[in-house]
Amino acid sequence: MTDAAAEEQVPTSRTAPPERLSWDSGMRRFVVLWLPLVCFVFILLFPFYWMTVTAFKPDAELYDFQTHNPFWISSPTLAHIHKLLFETAYPSWLLTTMGVAVGATFLSLFASTLAAYAIQRLRFTGSQYVGLAIYLAYLVPPSILFIPLATIIVQLGLFDSPLALILVYPTFLVPFCTWLLIGYFKSIPFELEECALIDGATRLQILRQITLPLAVPGLISAGIFSFTLSWNEFIYALAFIQSSENKTVPVAILTELITGDVYQWGALMAGALLGSLPVAIFYSFFVDYYVSSLTGAVKE
Amino acid sequence: MSATAAETWRRRAAEQNWLVRLFDNKAFLIVMCLLPAVGLLTVFLTYPLGLGVWLAFTDTTIGQRGVFVGLENFEFLFSDPIFWNAVFFSVFYTGVATIGKFALGLWLALLLNNHLPFKSFLRAIILLPWIVPTVLSAIAFWWIYDPQFSIISWVLIELGLRETNVDFINTAWPARWSLIWANIWRGIPFVAISLLAGLQTISPSLYEAAMLDGATAWQRFRYVTFPMLLPILAIVMTFSIIFTFTDFQLVYAITRGGPVNSTHLLATLAFQRGIPGGQLGEGAAIAVSMVPFLVFATLFSYFALARRKWQQGETND
Numbered sequence: 001m002t003d004a005a006a007e008e009q010v011p012t013s014r015t016a017p018p019e020r021l022s023w024d025s026g027m028r029r030f031v032v033l034w035l036p037l038v039c040f041v042f043i044l045l046f047p048f049y050w051m052t053v054t055a056f057k058p059d060a061e062l063y064d065f066q067t068h069n070p071f072w073i074s075s076p077t078l079a080h081i082h083k084l085l086f087e088t089a090y091p092s093w094l095l096t097t098m099g100v101a102v103g104a105t106f107l108s109l110f111a112s113t114l115a116a117y118a119i120q121r122l123r124f125t126g127s128q129y130v131g132l133a134i135y136l137a138y139l140v141p142p143s144i145l146f147i148p149l150a151t152i153i154v155q156l157g158l159f160d161s162p163l164a165l166i167l168v169y170p171t172f173l174v175p176f177c178t179w180l181l182i183g184y185f186k187s188i189p190f191e192l193e194e195c196a197l198i199d200g201a202t203r204l205q206i207l208r209q210i211t212l213p214l215a216v217p218g219l220i221s222a223g224i225f226s227f228t229l230s231w232n233e234f235i236y237a238l239a240f241i242q243s244s245e246n247k248t249v250p251v252a253i254l255t256e257l258i259t260g261d262v263y264q265w266g267a268l269m270a271g272a273l274l275g276s277l278p279v280a281i282f283y284s285f286f287v288d289y290y291v292s293s294l295t296g297a298v299k300e
Numbered sequence: 001m002s003a004t005a006a007e008t009w010r011r012r013a014a015e016q017n018w019l020v021r022l023f024d025n026k027a028f029l030i031v032m033c034l035l036p037a038v039g040l041l042t043v044f045l046t047y048p049l050g051l052g053v054w055l056a057f058t059d060t061t062i063g064q065r066g067v068f069v070g071l072e073n074f075e076f077l078f079s080d081p082i083f084w085n086a087v088f089f090s091v092f093y094t095g096v097a098t099i100g101k102f103a104l105g106l107w108l109a110l111l112l113n114n115h116l117p118f119k120s121f122l123r124a125i126i127l128l129p130w131i132v133p134t135v136l137s138a139i140a141f142w143w144i145y146d147p148q149f150s151i152i153s154w155v156l157i158e159l160g161l162r163e164t165n166v167d168f169i170n171t172a173w174p175a176r177w178s179l180i181w182a183n184i185w186r187g188i189p190f191v192a193i194s195l196l197a198g199l200q201t202i203s204p205s206l207y208e209a210a211m212l213d214g215a216t217a218w219q220r221f222r223y224v225t226f227p228m229l230l231p232i233l234a235i236v237m238t239f240s241i242i243f244t245f246t247d248f249q250l251v252y253a254i255t256r257g258g259p260v261n262s263t264h265l266l267a268t269l270a271f272q273r274g275i276p277g278g279q280l281g282e283g284a285a286i287a288v289s290m291v292p293f294l295v296f297a298t299l300f301s302y303f304a305l306a307r308r309k310w311q312q313g314e315t316n317d
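As given, the protein sequences belong to chains A and B, one line each in that order.
Under full-length UniProt numbering, the first residue of the first sequence is numbered 1, with each subsequent residue one higher.
Under full-length UniProt numbering, the first residue of the second sequence is numbered 1, with each subsequent residue one higher.
No wet-lab data here; the hints were simulated from the structure.
One should not assume that every hint holds.
Claimed, not checked - As a list, the in silico EDC-like pairs of lysine to aspartate or glutamate whose alpha-carbon atoms are at most 16 Å apart: (1) A:83 <-> A:64; (2) B:26 <-> A:193; (3) B:119 <-> A:288.
If you're wondering where the values come from, they're calculated on a predicted model, not measured in any experiment.
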């Protein structure tokens with residue numbers, strides 16, 4: 001009796017998986033997987049497509065949806081790009097942004113490499129707590145800090161100077177980079193350093209000649225991440241910079257290109273496109289580093 | 001033999017100058033290594049944090065040192081309907097956007113976890129909204145939400161679904177939903193890619209075991225994927241809540257708090273009162289009033305999710 005029941009159950013449970021597998025192919029896979037995926041990609045990329053199309057459209061097409069299909073450009077023009085490059089201070093905004101991003105990145109990399117090395121390798125009493133404090137610093141958002149920071153910047157005489165941004169950006173870059181690098185140093189075998197110690201190397205020699213060369217991928221991840229974050233930073237740059245030529249690209253496009261009540265959408269979109277391109281190109285070269293640093297920082 | 005070896009070794013150590021020896025002193029080295037990072041963070045993060053709390057209790061304006069006024073700023077704010085509106089919208093914005101981001105992001109992560117051709121290319125494309133400066137993509141959204149030339153309105157009218165243009169940002173509630181959607185759009189990639197990393201660490205043998213036990217697709221998600229994902233979910237959600245609640249760029253770029261102050265977040269209100277308005281004390285008070293919400297949200301998301309993970313682990317053992 002029990003055997004019969006068991007035999008009855010076995011065939012049903014055996015037939016179930018193949019049935020599911022056959023369902024998995026063809027139509028079902030299309031509806032469950034490809035259709036939503038295509039929708040996601042379309043929605044995530046559409047604003048960029050729209051940005052690009054608008055940047056190359058002549059004004060006549062831009063504001064006339066009746067005679068021209070808005071999704072396509074009948075007669076592409078470089079007028080908006082030309083206006084942006086030669087009639088505004090765009091090149092100098094680009095230079096300022098680049099300088100600030102590079103400066104802030106190097107400063108943060110320097111500070112966080114040393115800090116991560118001290119916390120992870122020169123273990124000392126309370127090193128965990130220092131690490132935790134640096135991690136907590138990452139949870140303090142810029143929106144809370146910008147008002148008191150503005151008063152400090154004014155007191156230091158750095159108001160309206162890109163140097164202020166280089167000094168302030170590490171507040172959100174150092175915690176991130178330190179955590180990324182702590183994780184990276186952890187993956188480097190400690191034995192290598194012990195060998196060097198036995199051979200009579202000093203701690204600084206070990207850091208420079210053994211640990212850092214091995215940590216290059218981690219340093220690249222932290223570096224490109226810091227570069228992108230500094231390029232994209234907005235609130236500090238908006239609050240601390242006043243004169244037009246010292247503005248960074250995101251701030252300048254929002255504050256300098258919008259004049260009066262009629263928005264120059266073509267020029268605005270051209271500005272947004274050109275402001276995004278450097279990071280997008282940079283990103284396309286280092287995609288894997290981005291993904292690894294993003295996921296690495298979350299896992300730590 | 002060993003004595004002479006030790007002696008030569010000691011002599012070599014002595015030959016090195018005092019600077020090198022100083023840098024080989026562990027305590028000194030630790031201090032030197034931590035100094036740049038800790039110094040920067042103390043001067044530009046810890047000190048401003050304290051200064052911000054102090055400013056909130058003064059009547060400082062731009063160009064004038066304030067005096068201590070006690071709770072006056074807060075009393076003024078608590079009787080200000082614009083402030084309460086900003087509190088409401090900040091909470092609403094964070095709540096709805098977080099739910100949207102995590103639902104869609106988790107879905108996208110589950111889709112990407114399948115075997116797909118061009119997987120790394122897809123992943124690269126999907127991260128794009130997160131890489132591009134938020135303000136610049138916000139300007140693109142502003143143009144998409146344009147009252148006259150919105151592409152969405154045009155498509156809906158062409159399809160015959162609507163007669164008139166959609167009102168995206170000119171009245172309070174549509175503006176709020178438009179901002180929330182822009183925030184969800186920007187947040188999906190980060191959530192999806194982080195959760196995808198979490199999904200890839202789940203061992204396939206767990207799914208095989210569940211399949212053998214006859215678990216349905218939903219049961220496999222509910223009892224295998226979800227509990228295994230909880231730790232990473234807790235961290236990503238904590239970050240997401242903090243940075244959504246204190247969001248500034250999207251709202252400032254698209255609506256600047258309008259129409260009629262209905263879409264002010266606490267951060268944009270603090271900026272408006274503090275920097276262009278010049279009332280640094282009041283702005284600081286608004287910024288400081290974000291702190292309790294942040295602490296609460298962090299503790300809630302972290303402990304609520306972490307505790308459930310722990311319980312799950314215990315029952316599994």
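Hints versus structure:
1. A:83 <-> A:64: Given that 16 Å is the threshold and the Cα spacing comes to 21 Å, the pair is violated.
2. B:26 <-> A:193: The given pair, whose Cα atoms are some 15 Å apart, holds under the 16 Å limit.
3. B:119 <-> A:288: Cα-Cα ~12 Å, so holds.
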